[in-house]
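Trainee: Each chain, letter by letter, is given below.
2 protein chains.
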Amino acid sequence: MRILLDGMGGDYAPVEIVKGAVAAAREIDDTIAILGPEDRIRECLENEGWQGDNIEVINCTEVITNDEAPAMAVKKKKDSTISKGMTLMKDGAADAFISAGSTGALLSGGLLLLGRIKGIKRPAIAAFFPKIGMNDTTLLLDCGANVDSKPEYLLQNGIMGSIFVECVKGKTNPAVRLLNVGAEDAKGDELRKEAFSLLKDSDLNFEGNIEGRDVVHTDCDVVVCDGFSGNVFLKSSEGMALALLKAVKEKLTEGIRAKLGAALSYNKLKELKDEFDYSQEGAAPILGLKGAVLKMHGNSKALEVYYAVKKAIPYVENDVTGKIEKAIGKKSIFGLKITD
Amino acid sequence: MRILLDGMGGDYAPVEIVKGAVAAAREIDDTIAILGPEDRIRECLENEGWQGDNIEVINCTEVITNDEAPAMAVKKKKDSTISKGMTLMKDGAADAFISAGSTGALLSGGLLLLGRIKGIKRPAIAAFFPKIGMNDTTLLLDCGANVDSKPEYLLQNGIMGSIFVECVKGKTNPAVRLLNVGAEDAKGDELRKEAFSLLKDSDLNFEGNIEGRDVVHTDCDVVVCDGFSGNVFLKSSEGMALALLKAVKEKLTEGIRAKLGAALSYNKLKELKDEFDYSQEGAAPILGLKGAVLKMHGNSKALEVYYAVKKAIPYVENDVTGKIEKAIGKKSIFGLKITD
Chain X
1 MRILLDGMGG DYAPVEIVKG AVAAAREIDD TIAILGPEDR IRECLENEGW QGDNIEVINC
61 TEVITNDEAP AMAVKKKKDS TISKGMTLMK DGAADAFISA GSTGALLSGG LLLLGRIKGI
121 KRPAIAAFFP KIGMNDTTLL LDCGANVDSK PEYLLQNGIM GSIFVECVKG KTNPAVRLLN
181 VGAEDAKGDE LRKEAFSLLK DSDLNFEGNI EGRDVVHTDC DVVVCDGFSG NVFLKSSEGM
241 ALALLKAVKE KLTEGIRAKL GAALSYNKLK ELKDEFDYSQ EGAAPILGLK GAVLKMHGNS
301 KALEVYYAVK KAIPYVENDV TGKIEKAIGK KSIFGLKITD
Chain R
1 MRILLDGMGG DYAPVEIVKG AVAAAREIDD TIAILGPEDR IRECLENEGW QGDNIEVINC
61 TEVITNDEAP AMAVKKKKDS TISKGMTLMK DGAADAFISA GSTGALLSGG LLLLGRIKGI
121 KRPAIAAFFP KIGMNDTTLL LDCGANVDSK PEYLLQNGIM GSIFVECVKG KTNPAVRLLN
181 VGAEDAKGDE LRKEAFSLLK DSDLNFEGNI EGRDVVHTDC DVVVCDGFSG NVFLKSSEGM
241 ALALLKAVKE KLTEGIRAKL GAALSYNKLK ELKDEFDYSQ EGAAPILGLK GAVLKMHGNS
301 KALEVYYAVK KAIPYVENDV TGKIEKAIGK KSIFGLKITD
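Going down the list, the protein sequences come from chains X and R.
For what it's worth, the numbering used here labels the leading residue of the first sequence as 1, then goes sequentially.
For what it's worth, the numbering used here labels the leading residue of the second sequence as 1, then goes sequentially.
This is chain X alone, in the form it adopts within the complex (with noise of 0.2 angstroms):
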């Protein structure tokens, strides 16, 4: 297997990008190839002192910023990092590709030079989300690819989703919700009511509707949301839980009494802290390209580089990519209603 890694992309490249691929293909077999400029990978690769044999580094003189039009960016900048990543996908040449670069990019890139799936009609950025104190998530999309949303993608969303946490969780017959305005069938705006019905007249383990206070709770696998509201849903919840945790270590802090008190509680604090640590998750995949692309955060470090290319590996070996393909090509597996 041939890893594909921006070693350009988000705030702390290269050198944390290369010292998490350092970690990783310590410990795996597959080969990761760093795209970015050849002299500062290789300088990054040297300060880690690494002697191994399965990191290739990828000549790409360019570099796509956050702040360029991405469509054109990626037309225009055919030695960028993603230009050049998504074209070795097309070409047949890597198994996976992975950044922390623009997601606007990104997307343009898989569109324009990898490709959708065929009869997927607009990818989605699915992310794992924390179900609080029963050590698993919910994979929840789409979170921001398409803002502009039909029925039909929430559909696709929820066969898409199913498909990954199958093949790479293991679960089989994945419990499928419709985030909503209320829990009730016939709850929400136009969008949501024609998606609920899709959903409920596909294969799908379809259990309705769900609300946004009950997700971090429920035991359900896949979330299925329009881009614009699954966006607001994950940047508002993670945005509550930054400030909360921020506020418990500020109140527990103040004075001496307090102080001591979270002195003593200091494991238990840490350990809740690790529980709402998305980043040993691994980069965010982006369903429906023809092949396994992994969306990373932009703040990402060494450890998320490390767990996001070792989370790559179970989506390349059970051909995701390949059962959405096959799924939304056999329309009577799961009663899609699917038009070409």
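A portion of the hints provided could be inaccurate.
No distinction is drawn between identical chains; accordingly, a pair holds when it is met within one copy or between any pair of copies.
Derived pair list, reagent style EDC-like, types lysine to aspartate or glutamate, alpha-carbon separation capped at 20 angstroms [as the list claims (entries may be wrong)]: (1) 150 to 190; (2) 75 to 95; (3) 246 to 271; (4) 246 to 274; (5) 150 to 189; (6) 75 to 46; (7) 273 to 250; (8) 246 to 211; (9) 259 to 271; (10) 90 to 56.
Simulated from the structure, these hints should not be mistaken for lab results.
Source: prediction; values computed, not measured.
Given the coordinates of chain X, assemble chain R onto it according to the supplied hints.
Mentor: Frame of chain X, contents of chain R only:
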């Protein structure tokens, strides 16, 4: 001033509603009129030892439940607390109406019996969202009245929210933002792009887009959103806050060492919990109706009722309804592009 209180709305009616009414009535000169079956309400008043003269009881023989189709129920059950309350408001026999009953019935009753302010396209539910560590709140609207929205509704939400914050919190020129998937101007779906330009062209103090994760710590007064994403935002933040606070409590009572720590930190953690406690904020105003209508959480107890009554007073005294009507009428003031 005569404040109507739905004695039969919510999970703890009528006992907790009456208890809260008594607590508020003891501190204010205005009259509280409780709607409900007279015998039961009077019995509750007796149990509270009420002997004052500023609580009235208005007999209602019917109640609208959460399971009923709202518009139908409002029309059919003319002697329900909600229908009667709205009719009294319409007739000018009361200044505010507070209820913890069905949101749908309150909205339907508001639209059918009380009516919209002239020029207002859709009323909106406005909720107070805590800004952590800033001892302040942001007014978020709409939180679920309209799940299918148009750009113009969002502009009107900005206007209504600004007037409410200016009148009730005394903040001049409140800062308004648009809930979106990114902070840059051009972000979002079609609805957001059009709403952005309407807000930008208005005379509101519009400061641009805001992402879900930043609301909790950004110094802005009004966050404009459509009813679907506002509902998702509010419920996901709430869900995360509740799950986290529960987890903190559980972690801190695992093992003797942590328990001792928790005992020492108790006061500080209590302070934090209070900061996230919405109960003191009062009820959520449904802005855009021809009168002050406020919706309490279904799980409201006496404390919430007490604060809802007290916070309703400045809403009426400052004539928020009249000011919204004026602002919407005088197109020149806000540079509105409103067609009616």
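Trainee: Which numbered conditions among the earlier hints are violated in the structure presented, ordered from lowest to highest?
Mentor: 2, 6
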